[in-house]
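Enquirer: What follows is each chain in one-letter form.
Number of protein chains: 2
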Amino acid sequence: PPSQLPDGWSALPASAEPPGEVPASNDLTELGKQLFFEPRISLTGTVSCNSCHNVMEGGDDGRTTSMGVLGRTGTRNSPTVWNAAFMPTQFWDGRAVTLEEQAGGPMLASPEMGMSSHDLVVSRLRLVPGYVEAFRKTFGGDDPVSIENTTKAIAAFERTLITPGSRYDRYAAGETSALTQQEARGMQHFEQVGCASCHAAPLFGGEFNEFPTMADDLFVQRHRLTEDRGRELATGDEADRYRFKTPTLRNITLTAPYLHNGSAATLEETVRLMGAVQLGEDLDDAQVADLVAFLGSLEGPFPEIAIPHLPSRAGESILPAGDPESETGAAPRP
Amino acid sequence: PPSQLPDGWSALPASAEPPGEVPASNDLTELGKQLFFEPRISLTGTVSCNSCHNVMEGGDDGRTTSMGVLGRTGTRNSPTVWNAAFMPTQFWDGRAVTLEEQAGGPMLASPEMGMSSHDLVVSRLRLVPGYVEAFRKTFGGDDPVSIENTTKAIAAFERTLITPGSRYDRYAAGETSALTQQEARGMQHFEQVGCASCHAAPLFGGEFNEFPTMADDLFVQRHRLTEDRGRELATGDEADRYRFKTPTLRNITLTAPYLHNGSAATLEETVRLMGAVQLGEDLDDAQVADLVAFLGSLEGPFPEIAIPHLPSRAGESILPAGDPESETGAAPRP
Ligand code: HEC
Ligand code: HEC
Ligand code: HEC
Ligand code: HEC
Ligand SMILES: [Ca+2]
Ligand SMILES: [Ca+2]
Ligand SMILES: [Ca+2]
Ligand SMILES: [Mg+2]
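Order-wise, the sequence lines are chains H and S.
Just so you know, the first sequence maps onto residues 11 to 344 in the numbering used here.
Just so you know, the second sequence maps onto residues 11 to 344 in the numbering used here.
Be aware that a few hints might be false.
These stretches of chain H come out as covered by chain S in the derived footprint (C-beta under 8 Å, 3 or more residues) [to be verified]:
hint	region
1	242-250
2	264-275
3	323-330
Hints in this document: simulated from the structure, not taken from any laboratory.
Using N, Cα and C, we set each Cβ at its ideal position, and we do this for glycine too.
Next comes chain H alone, as it looks inside the complex (with noise of 0.2 Å):
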């Protein structure tokens, strides 16, 4: 590694690895990909994961607070699923350890894809043969078609959403040129400041941490920093509350606005609330600006990716006819 590169910093690994001994097979992760842009496996026939996750994009939705199905919305900011598949727990608060955990909760979220039950979403799966004849293919057995099957498709082909070769990356990886001075100062700064203690390379966040660690700081009370209890949702420990999972800074520059509450309207401005709230630090302009500049250097390459062919039922919709909220039992809109 080249010498500026703080000690102990690293690439990204070139691919994710499965947990478990299921291998990836490109069957695997072909159906996750269908999975991922099906949007009949709403309520509304209308969301999709990739609708709050758009691949096309950050693997977010630029919204401050996400939007499922009917216009409902959550409290919480969409994390990029770029590199998620890195995260050693998933969701701000760590509640789903594996992507497999964590791929079935969306579907269930009222403001999120809004489905009654995950029988239902299999249920709608069942009625699609081309579904039925790839879950066969991939997965065997007389009853393919499962949730836990579904999850595993889906999980798989968000271990391809990941993005090595970074222009951080190919510097950590000895092409010094790969950054630019101002890069490579806000580098020095985000490990001299303390940054990295939370943020650690190579996936710059995926860790613990209190937020916000200095609590009588101004940005606290105008972010509204203690509405949201963190960790202890997840775990009912006090000694959890005001903890979150540190986010990845791969992509930071494409997943504005930050913060779980997506309160923060700018990267300049998140990085001087983590310099006060998290550090007691009053960064200055320029200090603000190279580690801005060194964020950027986190971004993509993003793989190429052919948009799946979805299967259909011929000459049928699989979406429930009339009003979604009485056809399916789901809950009206508080």
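Chain H is fixed; fit chain S with the ligands onto it per the hints.
Expert: Relative to chain H, chain S with the ligands alone:
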């Protein structure tokens, strides 16, 4: 052409010609693809052209009537964008002539993309350096990001959304084994029963026709076929009451539910209804089955499409924060 091909029938052309002298270029269609998949030019940042015209599937949304921003619905079923490029007019009532003219509509339609003005669409695009650059490269000039250029690009992309080479087309080109016996039988019925008089090859649709023709048929009430006055809404001319643009039957197996109001759940039912309501014919089960089989031969193939990379404003979303309705001055939901 093989001897069994009905007189005057032909295969779909291999390309769709742009109007006027504007030649399609790679830059133009690539930009149009980005814009077709771009949800950030909708009120809430959640709805793109592809939301209702999903080219990963039949170019439609599988819903009875479409659903746009904030769960709003309109009164009409989403027609496929596949082969819309070959249509002499656009919309069920033909109120737009060209694809260019059509493409400006949905951005402002309250139950579609819900934007308050084209200026707002353009102003969002101008915030993205990658878009400004792409418009400049494609159109040149001092002020290339305009609504005219936006719709030109979208239309150019739509002209790539065509599906020549279906099994029917191969049959029409002389490959007699491309159709099964049942499908070939259905093709003969289609000509002899009279379907082809309105749904003429090679598009199997495109012209205006009265609907329903038999106003007192039982189907008319059951499917509420006199609620929408059709082309009269576009022209203001009473003579156009209950005249509709005849939809293409290409990929019809993939675009259930059917009719302008989505009131017909299955293709089989729709064929039966067409016989009764348009021709005064009570088709028997075997005829219906043959016709449905023939219609299946009009499926695909779809071209391979790489997902576009949607450019971003670095470090800041182009979507307004907070409540979209109050932020943009759009009318509240009725
Ligand atoms: C309507 C919006 C919406 C939809 C649809 C949606 N998500 Fe999410 N996703 C979110 C939000 C918001 C969070 C953060 C929630 C939290 O932390 O409580 C999230 C979190 C995640 C995470 C965790 C990432 C991390 O780093 O912690 C993954 C992975 C993910 N979603 C994948 C998916 C998949 C797969 C689907 C489809 C099955 C999906 N999402 C559907 C909005 C959505
Ligand atoms: C004590 C741990 C800690 C330190 C030090 C720290 N961060 Fe963070 N950072 C976090 C946590 C936790 C979050 C998630 C905050 C939340 O839940 O909204 C975060 C969020 C961010 C975000 C927003 C990410 C997103 O997707 O919304 C950015 C950008 C960021 N940090 C950059 C920095 C920079 C630059 C520094 C140094 C100036 C820094 N951080 C220092 C823990 C830390
Ligand atoms: C929320 C749903 C929705 C969105 C978003 C939407 N459309 Fe449509 N589209 C429809 C419906 C419904 C119709 C039929 C409306 C009518 O006839 O009155 C239609 C009609 C069309 C037609 C006419 C096809 C034909 O054969 O007559 C084309 C072409 C089209 N849309 C392209 C687009 C483009 C391009 C965009 C994005 C700029 C877009 N649509 C956005 C629902 C939508
Ligand atoms: C007199 C003209 C006419 C004749 C004859 C006719 N159609 Fe149609 N067809 C139409 C029109 C107009 C529509 C659009 C109806 C609407 O507005 O909902 C239509 C719609 C359809 C649809 C639904 C398309 C969609 O996307 O929803 C199918 C399928 C269809 N016709 C098949 C047939 C078949 C099969 C026959 C012969 C049995 C036939 N049609 C005869 C004019 C005709
Ligand atoms: Ca974000
Ligand atoms: Ca469809
Ligand atoms: Ca339809
Ligand atoms: Mg983004």
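Enquirer: Does each hint fit the structure? Answer for all of them.
Expert: Verification of the supplied hints:
{"no.": "1", "hint": "242-250", "in the structure": "violated (count 0)"}
{"no.": "2", "hint": "264-275", "in the structure": "holds (count 5)"}
{"no.": "3", "hint": "323-330", "in the structure": "holds (count 7)"}
Hint check: a violation occurs at hint 1 only; the rest are consistent with the structure.
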